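**Q** This is what each chain is made of:
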Amino acid sequence: MQRLNQIFTKQSTYVPILAIILGLIVGAIVMWMGGFNPFEAYKAMLVKIFGTTYDFGEAIRQVTPLIFTGLSVAFAFRAGLFNIGAEGQFIMGMTAATWVGINTDLPWFIHLPLAVLAGGLAGAIWSGLAGWLKASRGINEVISTIMLNWIAYYFANFMVRVVMIEKGQNRSQDVLPSASASIDWLSALMDNARVHWGTVIALLCSGIFYYILWKTRQGYELRASGHNADAAFYAGINVKGSIVKAMMISGAFAGLGGAFEILGVFKSMAVMNAQPGYGFDGIAVSLLGGNNPFGIVFGAILFGFLSYGSQGMNFELEVPNEIIRIVIGSVIFFVASHGIVKWFLKPFFKKRREEKKGAA
Amino acid sequence: MEQRPIVAELKGITKRFPGIVANDNISLQLRKGEIHALLGENGAGKSTLMNILFGLYQPDEGHIEINGSPVVIDGAGKAIELRIGMVHQHFKLVKPFTVAENIILGNEPTKGATIDIKSANERVKQISEQYGLKVDPRVKIEDITVGMQQRVEILKTLYRGADILIFDEPTAVLTVQEIEELIVILRNLAREGKSIILITHKLKEIMEIADTCTVIRRGKVIGSVSVKESNERQLAEMMVGRSVSFQVDKQKSKPGKPVLEVKDLVVPGEHGKPVVDHVTFDIRAGEVFGIAGVDGNGQTQLIEAITGMRKASGGSVKVLGKELLGTSVRTVTEAGVSHIPEDRHKHGLVLDFSVSENMVLNNYYKEPFTHKGLLNYKAMDENAKKLAEQFDVRMSGIHTEARSLSGGNQQKAIIARELTRDPELIIAVQPTRGLDVGAIEFVHKQLIEARNAGKAVLLVSFELEELYGLSDRLAVIYEGRFMGQMEADEKNEEQIGLMMAGNAMGAAAGHTG
Ligand SMILES: Nc1ncnc2c1ncn2[C@@H]1O[C@H](COP(=O)(O)OP(=O)(O)OP(=O)(O)O)[C@@H](O)[C@H]1O
Ligand SMILES: [Mg+2]
Numbered sequence: 001m002q003r004l005n006q007i008f009t010k011q012s013t014y015v016p017i018l019a020i021i022l023g024l025i026v027g028a029i030v031m032w033m034g035g036f037n038p039f040e041a042y043k044a045m046l047v048k049i050f051g052t053t054y055d056f057g058e059a060i061r062q063v064t065p066l067i068f069t070g071l072s073v074a075f076a077f078r079a080g081l082f083n084i085g086a087e088g089q090f091i092m093g094m095t096a097a098t099w100v101g102i103n104t105d106l107p108w109f110i111h112l113p114l115a116v117l118a119g120g121l122a123g124a125i126w127s128g129l130a131g132w133l134k135a136s137r138g139i140n141e142v143i144s145t146i147m148l149n150w151i152a153y154y155f156a157n158f159m160v161r162v163v164m165i166e167k168g169q170n171r172s173q174d175v176l177p178s179a180s181a182s183i184d185w186l187s188a189l190m191d192n193a194r195v196h197w198g199t200v201i202a203l204l205c206s207g208i209f210y211y212i213l214w215k216t217r218q219g220y221e222l223r224a225s226g227h228n229a230d231a232a233f234y235a236g237i238n239v240k241g242s243i244v245k246a247m248m249i250s251g252a253f254a255g256l257g258g259a260f261e262i263l264g265v266f267k268s269m270a271v272m273n274a275q276p277g278y279g280f281d282g283i284a285v286s287l288l289g290g291n292n293p294f295g296i297v298f299g300a301i302l303f304g305f306l307s308y309g310s311q312g313m314n315f316e317l318e319v320p321n322e323i324i325r326i327v328i329g330s331v332i333f334f335v336a337s338h339g340i341v342k343w344f345l346k347p348f349f350k351k352r353r354e355e356k357k358g359a360a
Numbered sequence: 361m362e363q364r365p366i367v368a369e370l371k372g373i374t375k376r377f378p379g380i381v382a383n384d385n386i387s388l389q390l391r392k393g394e395i396h397a398l399l400g401e402n403g404a405g406k407s408t409l410m411n412i413l414f415g416l417y418q419p420d421e422g423h424i425e426i427n428g429s430p431v432v433i434d435g436a437g438k439a440i441e442l443r444i445g446m447v448h449q450h451f452k453l454v455k456p457f458t459v460a461e462n463i464i465l466g467n468e469p470t471k472g473a474t475i476d477i478k479s480a481n482e483r484v485k486q487i488s489e490q491y492g493l494k495v496d497p498r499v500k501i502e503d504i505t506v507g508m509q510q511r512v513e514i515l516k517t518l519y520r521g522a523d524i525l526i527f528d529e530p531t532a533v534l535t536v537q538e539i540e541e542l543i544v545i546l547r548n549l550a551r552e553g554k555s556i557i558l559i560t561h562k563l564k565e566i567m568e569i570a571d572t573c574t575v576i577r578r579g580k581v582i583g584s585v586s587v588k589e590s591n592e593r594q595l596a597e598m599m600v601g602r603s604v605s606f607q608v609d610k611q612k613s614k615p616g617k618p619v620l621e622v623k624d625l626v627v628p629g630e631h632g633k634p635v636v637d638h639v640t641f642d643i644r645a646g647e648v649f650g651i652a653g654v655d656g657n658g659q660t661q662l663i664e665a666i667t668g669m670r671k672a673s674g675g676s677v678k679v680l681g682k683e684l685l686g687t688s689v690r691t692v693t694e695a696g697v698s699h700i701p702e703d704r705h706k707h708g709l710v711l712d713f714s715v716s717e718n719m720v721l722n723n724y725y726k727e728p729f730t731h732k733g734l735l736n737y738k739a740m741d742e743n744a745k746k747l748a749e750q751f752d753v754r755m756s757g758i759h760t761e762a763r764s765l766s767g768g769n770q771q772k773a774i775i776a777r778e779l780t781r782d783p784e785l786i787i788a789v790q791p792t793r794g795l796d797v798g799a800i801e802f803v804h805k806q807l808i809e810a811r812n813a814g815k816a817v818l819l820v821s822f823e824l825e826e827l828y829g830l831s832d833r834l835a836v837i838y839e840g841r842f843m844g845q846m847e848a849d850e851k852n853e854e855q856i857g858l859m860m861a862g863n864a865m866g867a868a869a870g871h872t873g
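Line order of the protein sequences matches chains A and B. Here my numbering is used: the first residue of the first sequence is 1, the next is one more, and so on. Here my numbering is used: the first residue of the second sequence is 361, the next is one more, and so on.
So here's chain B without its partners, still in its complex pose:
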């Protein structure tokens, strides 16, 4: 291990943004063929550091050496020239183009004056096979899953000859199955001599595939450890600076009056088949109701129908006895529903607004934020300061654009906003996506506290552990239908797995029992 050559070295990198030092004298060595994990709290400066290595930002101090010689990486073009590739969290693909067309974009093989698509297809296929990516070069991007799109991004970097690959939270957008496949791919890449930097908040993933882990806290390197000689607990402590509890403490729920009552809800799909098909459930005050299921089985549509964002074709949605189906989003909000949305960039934030403006996104029209039709920026600022402190949202200031916050801090800002509106029902979709372990612990505590205070919580998550840890009752959704509901303490993981694959509860029991 030690004798492997160093392919990239960051030396004393410092990067300042107005009001914050994102990277403070960071040094890091990447060796050939290793998987090097980068771990750190939200806002620690991981993405910034990688953007510097990929040439998107210039360091204020320090320099980079590639294969032993100092380089100035002043743009992605230069990075590619130096055989560095980056797979961003948000993909940059042209939807109506095919896989191969996307991969060769900007670097097209030509035959005379025309693009030689045939040899492109072949080359893509060959690389794809070499690393076990299993991507068909001829299909269009819009027709493939998020996981496949990510592979196309990986292929793109490989096609351009990358030897150093940077992954910024690649697993945050993947399903459990896709994560397993990605891990195999990463292993293949490392075996073929590629060096990989992997940013992730999931300690399990680090333990499973990384060789080395560098921990960053508030812009500074805390240390680099060999993963073999470490464990999840130690890594978490290094990163947060205190011990982290992975268990959620909670007493048995004391359910009160029904808060949300959903009955026979039907949401029509594009192809005639309903995407939410006669779903019925209710959630009582002081109860967390979890919905398990593989991504894309109607969760999004179900939540959107409940929150008034999507039209339903039948059924009923009542909050505290008040019928809300067919009303507006505003009516639903006013009825006491808060909503941590699945897609924070699409729905959760106006990225060009300041943090302060974002913190009042669904109550800006209320006193004291609006007074006699006029905005009260002072009240907004005070509110934002209070929430940021309470939820530890780290940023250079409340007047910065939400865009400049780190991914995890954007999520924390949304959670802060939604949990402090004193709602009756909290709808949380993937609430801890992109959060560090410390923040996850905090958010889980907040959700349980809300439940103990008599709120109803509807939780949609693809993390089974999160669902098991938080929920009092569970349902499994498959192709828009509930396969069954159960009390969390009588759950049977095997049975849930079968239900997620489309076996109804009774049938599943029959199979297993």
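So that you can see chain A by itself, here it is in the shape it has in the complex:
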């Protein structure tokens, strides 16, 4: 009992875990109401993720871009900005990486880094635009990034259809092998699962996120501007410059994610029928991770695994996609709303307090 209490007093550990469980329970109820066996469904999900090395590799592939976009949204948020545009920055990253991947013939150790950097830079410029609009004209970044998402989307489709098209196909030409980010030997070990270096870079980026914000002078300025722009201004910090910088770093994360999605996974860029949604999922991931760079890695794993594993529920039990989305949504809902979880816990706390009183 004592030990149990100890484990459960540290709120930061039990709240997210409990939130996930609560979310899964609500998901289970929804599935049960829809006439599906929730236990079977969750089993199918676990099997889908951990059943084979191929699936496991693919689940990791699913997680990787979410780390990038999650970091992107969170970085901006730490600097007091709402970057709804990780989506567009991701798309710009894909487009730039594809273009460099197709068009330059270089040895791989130059070509690949160049293509990756092009992606990151494209994302940075795209978000920097929104940052500049806010700093110089006071235009709300939520609105400008949403608009920029659409511009990026149509621009990318234009580039694929007109400039980079593979004849007779609805996609671009393939990027040259020298620009591939696949980890071929690991991929071979995992039944050709599309594992790539992007995952490693994503983890590195979460470290860079931490390093920039909490170890550098820049980071101090960004955080000060984010928490209290008036005080930052009083302190002589260039708040407008901070806005642009924060947006650019944020966009670079998303752009890198886009680059790796092409160079590591698809090897060509398809014409999109809708915005692909990586950036929007990134908002959920940053929420899940509490805007903490390491929390985001876990958030991305949770989100990525849930969405990958749900394909298992879909195939095996024919649970419709809508219900799967409800399951994922309710997990996120509970994780994001700490308050509700604590409210659920309140009766337990009260009891404990009363016990303590009784003993005294």
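In case anyone wonders, no lab produced these hints; they're calculated from the structure. There could be a bad hint or two in this list.
[Unchecked claim] For lysine-lysine, the following DSS-like pairs were computed, each having C-alpha atoms within a straight-line distance of at most 27 Å: (1) B/K706 <-> A/K215; (2) B/K732 <-> A/K215; (3) B/K745 <-> A/K215; (4) B/K682 <-> A/K240; (5) B/K485 <-> B/K392.
Computed from a predicted model, the values in this text were never measured in an experiment.
Given chain A, put chain B with the ligands in place with the hints provided.
**A** This is chain B with the ligands only, laid out in the frame that chain A set:
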């Protein structure tokens, strides 16, 4: 007096925060119809205790009795149910709503499915008249003064039926005039049988209206005294544990070279009329220059223009001969200007930063705090420890968020930071707002020491005594213009009063002389 019934009793309240005991076995009795002052040093635990009574914190030990029966107050809702109301130092009003709408918020009278705003207006008006609050229920919050907003907060608690009213430093944000009006209101409330707990650092106010005063030091009750049988000196001693000097000792100034030269400074206002209108003055090394005036006459804009935080449309601001108008805040800081800002929460601190990070808010980029672009937390921590010790900033530790410091300790942290940067010019706006008498004495000494060491000090204050005590020269500002400047020792209080009301110096002299 003694036979009045006890309406609220705190019994053995203890509240701990990590690393600090904020309330240590505190007991307190509040009687019906009395005004009970709570006095204590910054960080003594007054706000914490009142937050417990209002249900915002739970005590670790002890309990509360209301009208003789034990209660558990586990939220503001419960407190309101028990007829307890609190007027916080920072108001919680919805700006675009009217007075009445704010007051009924969360407790709206309905007529069918719609809010019965008419009867709300009437009810608000009636309460307002009963206690002499003189608030018009139909005006919007954003259009009324801070003093009026506070009355709306008072009305809100009364509307919800509060019999026990808690005021946490209500006079800290008010002008002299507004304080006098508030005192009348508090008297009316007590006469109508309301019981009032009043936190204030101003001993005069306690002497003027409180019946009882409970003194807290470092979380413990030192004693409760009947105010009639006490005096300011005794209260101050009880609170600080030593005798406090209310006078500022200082020799006549020996002014040196000019440090700040302001010439024909004009700051445009929103409605075309300038808010700072051709202001000219200079401050020499070793001199304190005070600016008197009623709040809202351009003081804020004048200071912001000098510190580079606001654009001016004309004139010149020179520090040690260097023109600073039109440059950046950073340039002004680098020129040797430090600034204790008027609004500590808006400008002075990043509340979510640790105390240690806040202590380097405007020199974080300098060695040793930044080394080759990287932050040096060890140096920051050492700096914070040193400053906290030197200025007696009390807190649970330098790594706690600035948010968790008591109001007065937040102010002390800012003062510590600004005075120890070795500035040439110290701009201090309301530097002692929210400080206890001991801390005020200390800060005044520090300012005078800085002046004796050859710094120039620009002081803006609404406390005339503070201005008179510290300043070597004085100016009075009215509607953005200087009504006149004078040496402090030839000041004439009556004349200054007239100037604050808009009479120019010569004209004022004509009236009085
Ligand atoms: N949430 C908190 N977490 C940690 N420490 C806290 C918290 N709230 C208050 N404290 C600490 O408790 C002590 C008492 O604070 P409190 O605000 O009650 O002081 P106070 O008497 O109101 O002082 P002041 O006159 O400066 O307003 C302070 O040392 C403060 O740092
Ligand atoms: Mg307080």
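**Q** When you check the alpha-carbon spacing of B/K706 and A/K215, does it fall within 27 Å?
**A** Distance of about 25 Å is within 27 Å: holds.
**Q** Is the Cα-Cα distance between B/K732 and A/K215 27 Å or less?
**A** The hint holds at about 11 Å.
**Q** Are B/K485 and B/K392 close enough, with their CA atoms no more than 27 Å apart?
**A** 25 Å, holds
**Q** Are B/K745 and A/K215 close enough, with their CA atoms no more than 27 Å apart?
**A** Holds, because 20 Å separates the two Cα atoms, which is no more than 27 Å.
**Q** Do the alpha carbons of B/K682 and A/K240 lie within 27 Å of each other, as the hint requires?
**A** 26 Å, holds
This entry satisfies every hint, going by the numbered hints stated previously.
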